[in-house]
Amino acid sequence: MPLPAKAFQHWLHVVAPSASTADICRLSGIKRTTLAQQLVRGKVAESTLVSISRALKRSPLADLAAFESYADLAGRPQPPTPAELVSQIATMDLLRAVISRSAPAYGGYGDDGSALTPALGAAPHATSVRNWVDAIDDGELRHRVSDATGVAPQNYSAQLTANRLSPELAVATARAAGVGFTGGLVATGLLTEAEAGWPPEAKQAALDALSDGELTVLAGERLQALGKTLRRQEHEQEQTKKIWENLG
Amino acid sequence: MIAILQWTTFAVCALVAIARIPSALRRENRSIFGVFVLSTVAILLSIDVSYQSIDAWLGSENYTNLILRFVVYGTVLLAGYRIAKAFDGPRSIRLIVGPVGKSVLTGVGIATVILFLLADTEGTATGLKTLPARSPQNAALIESYAAVGRLYPAYVAACILPATFVAISRPLPKTIRIGALLLTVAFAAMAFGSFYPLIPSEAGFLEYVINYTSVLCLALGLAFVWISSLMAKRALRMHP
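Chains as they are written, first to last, in the working numbering: chain A, 1 to 248; chain B, 249 to 488.
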């Protein structure tokens, strides 16, 4: 559930006592109508809080934790597991790592890679949400999340396919999987890695720790999933074209 | 109420037909242009005012109604074939233009003509409403004539229905899915046509509502898909 408007306004009053709503909107880049609408409905989106917190140069993670439904985020956050870190590496970066580790004859630098390999892109990436859930799923995770939140499994899956997950569900997923709460918030793009307290080199270190075999299998799985998505999109495009050709 | 529905449907079909003239001149999908022209004609032939004057000109033997039947068959065949092709239903295409479809159309066509010639059809009567009262034999003939006339549209509609129905929930552009929904409604109404005898005679106006809803949805559905293709072309021109 998004943040209650009352608690949000109380928080806003504490962190920016002298700022008007107009100032807040100008600073954070939120449209005034959007904020007004959220306040009228009594539910303020987490992303609104994060934008304001960022604009005020505060810690979005700590500010989120000040709200009752995100109290779990308070204190020292449990760091992400290596699998979670790797899940936040974009597929193309994984493939680049495969090539980079290959023999020089294939354009690589051997096992150790090279400083010439471009740095990993920042999370989130195009399939970061699904990859994150896959990384922490023991096979029963979706059912546990569904039981805990009352969200139907097919709605949950639909969100994953669209590379979306509400912050509330992201936290519930992390709780059901017994991992740190920041993973889902980074995967959904609500927080940056730095805001979540992840060390800057954490992803690269997790990637380097993968054996060639593990990396190749993982890259292969990602490539296969990407291929399926592309095939489906192509199929849809072909169908649309056919409909337009015949009826347009 | 029914008059409003009739004239609205006429206006929609006529407007889309006129709007499609330029693309028809460019030889783009003339059969869809044909569908709109034929449905405009069909509506003109079924509205009371125009029916009276056209039939008077044709000798007041209700040949206009016979022509209307064949205009409807043509429209349904053309629209059905194109739509089945567009929504990629190989089974629907085979059932409509394959041997089965051809024999259904031939059978229906012959039966329509024979039943019409056997019946006493003197004196203009829109929708042949007053003719069955003349004799029990005429009532049976006119009723069978009407039933046969509904059979072919119902057959074609039932053939395409699965293809358009599936398309509603496919991940396609929204305008196409709305078009598919409208077409599904149109064909469902058309397929329901074979069950008209089950409607009690006090609710006879329902037949009109269902008929015109079906034509209106068909025209709007096709128009929606057409507009979405025009929008896509324009977007392509602006961002090549």
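No lab work stands behind these hints, which were simulated from the structure alone.
Positions of the beta carbon are idealized from the N, C-alpha and C atoms, including for glycine.
Do not take every clue at face value.
[As the list claims (entries may be wrong)] Derived SDA-like pairs: lysine to any residue, alpha-carbon spacing no greater than 20 Å straight-line: (1) K241/A - K377/B; (2) K377/B - T354/B; (3) K241/A - R274/B; (4) K242/A - R339/B; (5) K6/A - T34/A; (6) K422/B - E234/A; (7) K242/A - F453/B; (8) K43/A - T149/A; (9) K377/B - G307/B; (10) K242/A - I475/B; (11) K377/B - S308/B.
[As the list claims (entries may be wrong)] Some residues of chain A that are not near chain B, with every Cβ distance over 10 Å (derived): (12) S166; (13) E221; (14) K242.
So, going through the hints one by one against the coordinates:
Taken as a hint, the K241/A and K377/B pair is broken in the structure, with Cα atoms around 45 Å apart against an allowance of 20 Å. Between K377/B and T354/B, the direct Cα distance comes to roughly 26 Å. Violation of the 20 Å bound is thereby established for this hinted pair. Restraint check for K241/A and R274/B: satisfied, since their Cα atoms lie roughly 19 Å apart, inside the 20 Å limit. At roughly 16 Å between alpha-carbon atoms, K242/A and R339/B fall within 20 Å of each other, so this suggested pair holds.
Proximity of K6/A to T34/A is assessed by CA-CA distance (about 16 Å); at most 20 Å being required, the pair is judged to hold. Distance restraint check for K422/B and E234/A: the Cα-Cα separation of roughly 17 Å lies within the 20 Å cut-off, and the hinted pair is therefore satisfied. Among the hinted pairs, K242/A with F453/B is inconsistent with the structure: their alpha-carbon atoms are about 38 Å apart, more than 20 Å. With a C-alpha separation of about 18 Å, the suggested pair K43/A and T149/A falls inside the 20 Å cut-off, and the hint holds.
Annotation: proposed proximity of K377/B to G307/B holds, straight-line Cα distance about 18 Å (limit 20 Å). With a C-alpha separation of about 15 Å, the suggested pairing of K242/A with I475/B holds against the 20 Å cut-off. At roughly 14 Å between alpha-carbon atoms, K377/B and S308/B fall within 20 Å of each other, so this suggested pair holds. With a least beta-carbon separation of about 21 Å from chain B, S166/A lies farther than 10 Å from that chain, consistent with its non-interface assignment.
At the 10 Å boundary, the C-beta of E221/A stays outside the reach of chain B, the nearest C-beta of that chain being 23 Å off. For K242/A, the shortest C-beta to C-beta distance to chain B comes to about 6 Å, within the 10 Å cut-off, and the non-interface label is violated.
Violated hints, in rising order: 1, 2, 7 and 14; the structure is consistent with all others.
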